[in-house]
Amino acid sequence: MTAASTASAEVLIPSSPSEAIEAFGDGDGIVVIGGGTILMPEIVAGRLVPERALLLSRAGLDAIIREGGTVRIGAGTTLEAVAAEAPEPLATAARQLADPEVRRQATLGGNISTISDGDLQAVLLALDATVRHTGSGGERTEPVASYLRRFGGDDERLALEFGFDEPEAGSYTRLDRPHAHPYTYMAVTAVRAGSATKVAAKGASPGCSRLPAVEQALADGASPEDAAARALDDAEPFDDALASAWYRSRVLPTLVARALADL
Amino acid sequence: MRLMVNGAEQEVDSGPLASLLHVLREELDITSPKAGCQQGGCGACTVLVDGKPQRSCLTPLASVEGAMITTVEGLGDAGELTAVQQAFYAKYGAQCGYCTSGMMLAATALIDATNGDGVTRQEIEEVMGGHLCRCTGYVKIIEAVEAASRGETFDLEELRRAGTAGGEETMILDTGGQS
Ligand SMILES: Cc1cc2nc3c(=O)[nH]c(=O)nc-3n(C[C@H](O)[C@H](O)[C@H](O)COP(=O)(O)OP(=O)(O)OC[C@H]3O[C@@H](n4cnc5c(N)ncnc54)[C@H](O)[C@@H]3O)c2cc1C
Ligand code: FES
Ligand code: FES
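Protein sequences, first through last, are from chains A and B.
The opening residue of the first sequence carries number 0 in numbering that gives the first Met the number 0; numbering runs sequentially from there.
The opening residue of the second sequence carries number 0 in numbering that gives the first Met the number 0; numbering runs sequentially from there.
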């Protein structure tokens, strides 16, 4: 591990996963930098002044392993690699995010760990993914849904690896604004695994969430159109700068129907 | 910390979390990477890191120790414009020039990756879609990249002469080294 130090910041640059885990410790007072595509503008503008930072770019947390029907993706894997090598619908979702230069730098761990609703959070929810992470009390593995609920708390964690079963089929449908860098304001992911279909949305409610009423309707034998009509049962459409609650509530069932049709 | 910029080793004093953009412009006086949005959204600051285009405003200095950084100042041989630079000039791919160095570096990396096979319009739009230009309307830029990817070269002296034909001078700005 190398450590670069100035009066203002000590930056730890681990060269293996075990060094990263040791350097992170209980996470107290340390800022994790994946690709830095969210954090760097904060640091440059002086809104975030880390005293200690952990730079993951050389930590070797970037393997994508697909074997025996399961998928494991290191938290430091770039979105360029996810777009090229991950199964659907994760690859398509990653490919539609930002632009090639940002994707080459941005990591999956950063997208899932950002409080500002990374587009891939809902995709991992639909995939029923787990995350192995470390921090106070050591390593543990839990559903991504629980990891996301931690936001706002003070339990700092270092995500190490995401895991999920290789799905039978998956689809991803999103709305874009006419601009080179749209964060989508609404996207729906559908995944078929065994006899179950799982559906999750970004932009239906604040944060990302599954749509259990749609899933239940499908399990009960409803047609994709009828199931999609249940999308609002679990949504709390909201107003923000990108779309009004009124618009979201009208678009959501259509996107769910499209995602189910594409499965 | 030591940094390799345009083939020369540089010793820099900025902190490890300073952006590469800041180090290039403020410490090394290399002003072709522009500080546009400084949020990753415009591509004006793009440089090549080990031959691949990367937003220097999003890049912490500590992450590029040992890497080869290239800015447009380091393209081609001294006094000679590369095919991409010639094409941007000849095809009017640059107006105010603010986006131009990022555009040219992204185009250079794209063309290098195709080993002279030419690039499609779709590939150019995909790879350079994150680069914003407020002047050209993009058409001229795309035509310039297509021309460079086909290996077209231009007689710039001839173009300059043609530009002054009929007494009308082509506006060639002498910035006196300012940027
Ligand atoms: C021009 C532009 C366009 C963008 N468009 C989109 C878009 O369309 N959709 C979208 O979702 N995002 C978008 N982004 C945001 C960003 O690029 C992605 O969300 C990216 O995946 C973030 O990853 P990162 O590694 O760069 O995050 P970082 O900036 O490194 O970190 C983000 C947060 O995650 C934490 N973190 C990082 N890695 C870990 C880890 N392993 N364990 C624990 N915490 C960690 C950091 O501490 C920080 O809080 C865009 C960014 C730019 C600059
Ligand atoms: S200044 Fe870096 S992308 Fe705009
Ligand atoms: S030439 Fe002015 S921004 Fe592109």
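Hints listed in this document are in silico derivations from the structure and should not be mistaken for laboratory results.
Cβ atoms here follow ideal geometry from the backbone N, Cα and C, with glycine treated the same way.
Any given hint could turn out to be false.
Claimed, not checked - Looking from chain A toward chain B, a few residues come up when the C-beta cut is under 7 Å (computed):
| # | residue |
| --- | --- |
| 1 | Ala8 |
| 2 | Thr36 |
| 3 | Gly45 |
| 4 | Val48 |
| 5 | Leu54 |
| 6 | Gly136 |
For each hint, the structure was consulted:
no.: 1; hint: Ala8; in the structure: holds (5 Å)
no.: 2; hint: Thr36; in the structure: holds (5 Å)
no.: 3; hint: Gly45; in the structure: violated (11 Å)
no.: 4; hint: Val48; in the structure: violated (9 Å)
no.: 5; hint: Leu54; in the structure: holds (6 Å)
no.: 6; hint: Gly136; in the structure: violated (29 Å)
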